[in-house]
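Number of protein chains: 2
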Amino acid sequence: MTAEHAPARWKAVVSYDGTNYGGWQVQPGRITVQGKLEDAVEQLTRKRVRVHCSGRTDTGVHARGQVVHMDLDTRIKPHGMIEGLNRYLPDDIRVESARIMPSTFDARFSATGKEYRYFIWNGPVLPAWARLYRAHVRKPLDIAAMRDAASVLTGRHDFSSFCANPGHERDPVRTVNRITVSRRGPDITIRVDGEGFLYKMVRSLAGYLIRVGQGDLPVSSAHAFLQSRERTARVPTAPAKGLFLWRVRYGRR
Amino acid sequence: MTAEHAPARWKAVVSYDGTNYGGWQVQPGRITVQGKLEDAVEQLTRKRVRVHCSGRTDTGVHARGQVVHMDLDTRIKPHGMIEGLNRYLPDDIRVESARIMPSTFDARFSATGKEYRYFIWNGPVLPAWARLYRAHVRKPLDIAAMRDAASVLTGRHDFSSFCANPGHERDPVRTVNRITVSRRGPDITIRVDGEGFLYKMVRSLAGYLIRVGQGDLPVSSAHAFLQSRERTARVPTAPAKGLFLWRVRYGRR
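Top to bottom, those sequences are chains A and B.
All residue numbers for the first sequence refer to the working numbering, where the first residue is 0 and numbers rise by one.
All residue numbers for the second sequence refer to the working numbering, where the first residue is 0 and numbers rise by one.
None of these hints come from the bench; they were simulated from the model.
Hints should not be assumed to be uniformly reliable.
Identical copies carry no separate label here, and so any pair may be met within one copy or between two of them.
[What the hints assert, rightly or not] The calculated SDA-like cross-link candidates involving lysine to any residue, where the alpha carbons are at most 25 angstroms apart (straight line), are:
| # | residue 1 | residue 2 |
| --- | --- | --- |
| 1 | 138 | 34 |
| 2 | 138 | 77 |
| 3 | 240 | 131 |
| 4 | 46 | 104 |
| 5 | 10 | 185 |
| 6 | 240 | 8 |
| 7 | 138 | 86 |
| 8 | 76 | 214 |
| 9 | 46 | 143 |
| 10 | 240 | 124 |
| 11 | 240 | 90 |
| 12 | 138 | 63 |
| 13 | 138 | 98 |
| 14 | 240 | 214 |
| 15 | 76 | 124 |
| 16 | 76 | 185 |
| 17 | 240 | 18 |
| 18 | 76 | 138 |
| 19 | 10 | 124 |
| 20 | 138 | 96 |
| 21 | 240 | 135 |
| 22 | 240 | 107 |
| 23 | 10 | 137 |
| 24 | 138 | 227 |
| 25 | 76 | 163 |
| 26 | 76 | 219 |
| 27 | 76 | 43 |
Starting from the given sequences, assemble the full structure and let the hints guide the process.
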C-alpha cells in the first residue's frame, strides 16, 4: 500500500428485496445481504472488507435506501464502483449510489434519523404483484383511529412495549418524530420517522396500529401501552415483507 | 347432472405475476397461468374444465385485471369460489373476484376494450424492488416527444408496423382510444387503451415510444411507420416484465 492509495471510506446507498435473504447480517449457513455485498466488493476489488450498514434489517425486510460504508484501497471511481458492484450482485440487491466520504463518516453512528415505511394491502384478496411487498389485512381498517393512536406514540417515549426484546436494551427511550397513516384505495402506508429504533420496533408499531385499525384495541390503549413498558401478545409484530427501510438521514440533528 | 345444477357460466377477475410462467396458454412442458387455474378449479370442484381468458398474455407479462370465464356445475357461492380457488393457487396468481353471468358472456368476445399499462424505470440503476415489474431505461427519456408520437398513434390505424407477426393477421386495423405517458420521478407509465390489439402490439408501441424518448427516432417517424405497414428492427418489442394487462372492459362500445 502506498500513500497515494490509502484506503478511502466509501458510502453507498443500497436497495434490496429482502424476500430471499436471511436479513442483513452475515451468519453461517445463511444467505445475507451483507454477505452478498462483501462478495461483490471482493470480486470487483480483489479485497475482502467488512461492509457496515446504518442498522441491520431482519429476515424478509426490504430496503429502498439502506446506507453502508466500507474502507477500500482502490483507484475505482464512484461511477465504476456502482456499475462494478451491480455487475457482481444479484438483481435483488442494487447499489444505487456510491461516493467517497471523510474517514469520520460512519453509516450507523453518523446517522441522525431514519424513515421506515410499512405497506399494507387492505382488501379481501392480496393481488399477485403485491404479494412480496405488502402485509395483507382483510378487515377494513379505521384509518382515523390509527392516526389518533399514532399521534399518541409520536414523541420521546420508553418504547419497551413496542420492542421484541424488552429488558435487553440499555436505554429503551427513543424519539419518534412522526408517524403518518395514509390510504389510497386498498393501499395503506404507515410512515415512521425517528432518530433511532429498538429491535423490531417499527413492525411492533405497525402491528399495534393494525390492531387498533381493526377495532381490536381502543385508541386509549396507546397511552396505556407506553406506560406499561411491558411487551404483551396484544402487540403483535407485523410481517417482515411489509417493511421497507426507506431512507437514512445524516447531518444536523 | 340435474336441472337444478346445470353448469353456470362464471366470470372471474384474475391477477398474476407473470415472472414464473410461460404465459397464459396451456402448452406441454410449460407452467402456465391457464394450467394453474384449471388445476385449481379441478382441485376445488373435482371437475376439469377449460378456463378461457379475454386475451392470452405472453411469457413474463403480468396482469392486474385479466378476465376469464368457465362453465361449472357446482353449488359453490361466489365468495367460496374466490376463497377456494385462492387456496389451491400459488400466491402469484390470485382470483380477485368471481360471479355468475348470463351464459352469453364470453371473456374474449364480450370484451369491448382493454387497458394495458407499461412501466419503465428511467434512471441509472433499477432498484431491487422494481426489478420484476419495470423495464429499465438508463438514458433520460423525453416525455414530451413520447407524448407527441403517442398522439399520432392514437386512433384507428393499420398497426402492421407495431405487430410481431405482420401479414399473419387477417385484419391489422385496430382502434387505440388513448395512449398517455406520465412520469413521477424515475417512474414512467405508458397507458394504452384500445378496442383490441395485434400480437405483441402494446410492447411494440412501448418499444417504439422508448426509442422516440431516447432520441433515436424522430416524432415524425410515427406517421411514417403507420404508413409503411411493415415491421422493421427499428421498432423493438419492449421487455415483457414491464407490461400489465390492467383491465378489460365489457358493456357498450
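To see whether the hints hold, each was checked on the structure:
1. 138 - 34: For residue 138 and residue 34, the Cα distance exceeds 25 angstroms both inside one copy (39 angstroms) and across copies (31 angstroms).
2. 138 - 77: Between copies only: 19 angstroms across chains, 48 angstroms inside a chain, cut-off 25 angstroms.
3. 240 - 131: Cα proximity of residue 240 and residue 131: in one copy and across copies (6 angstroms, 16 angstroms).
4. 46 - 104: Classified as within; 21 angstroms inside a copy, 64 angstroms across copies.
5. 10 - 185: For residue 10 and residue 185, the Cα distance is within 25 angstroms only across copies (22 angstroms; inside one copy 37 angstroms).
6. 240 - 8: Neither way: residue 240 and residue 8 sit 32 angstroms apart in one copy and 37 angstroms across, limit 25 angstroms.
7. 138 - 86: between (43 angstroms within a copy, 18 angstroms between copies)
8. 76 - 214: neither (54 angstroms within a copy, 28 angstroms between copies)
9. 46 - 143: neither (53 angstroms within a copy, 46 angstroms between copies)
10. 240 - 124: both (16 angstroms within a copy, 22 angstroms between copies)
11. 240 - 90: both (18 angstroms within a copy, 14 angstroms between copies)
12. 138 - 63: So residue 138 and residue 63 pass the 25 angstroms test across copies only (22 angstroms; inside, 28 angstroms).
13. 138 - 98: This pair counts as between: shortest inter-copy Cα distance 21 angstroms, intra-copy 45 angstroms.
14. 240 - 214: within (23 angstroms within a copy, 39 angstroms between copies)
15. 76 - 124: between (47 angstroms within a copy, 16 angstroms between copies)
16. 76 - 185: Answer is between: at 24 angstroms across copies they meet the 25 angstroms cutoff, but 44 angstroms inside does not.
17. 240 - 18: both (7 angstroms within a copy, 19 angstroms between copies)
18. 76 - 138: Result: close only across copies, 20 angstroms inter versus 51 angstroms intra.
19. 10 - 124: Between copies, since 16 angstroms is at most 25 angstroms while 40 angstroms is not.
20. 138 - 96: Result: close only across copies, 17 angstroms inter versus 40 angstroms intra.
21. 240 - 135: both (10 angstroms within a copy, 24 angstroms between copies)
22. 240 - 107: Within one copy only: 23 angstroms inside a chain, 36 angstroms across chains, cut-off 25 angstroms.
23. 10 - 137: between (41 angstroms within a copy, 22 angstroms between copies)
24. 138 - 227: So residue 138 and residue 227 fail the 25 angstroms test inside a copy (28 angstroms) and across (55 angstroms) alike.
25. 76 - 163: neither (41 angstroms within a copy, 42 angstroms between copies)
26. 76 - 219: neither (54 angstroms within a copy, 40 angstroms between copies)
27. 76 - 43: within (12 angstroms within a copy, 58 angstroms between copies)
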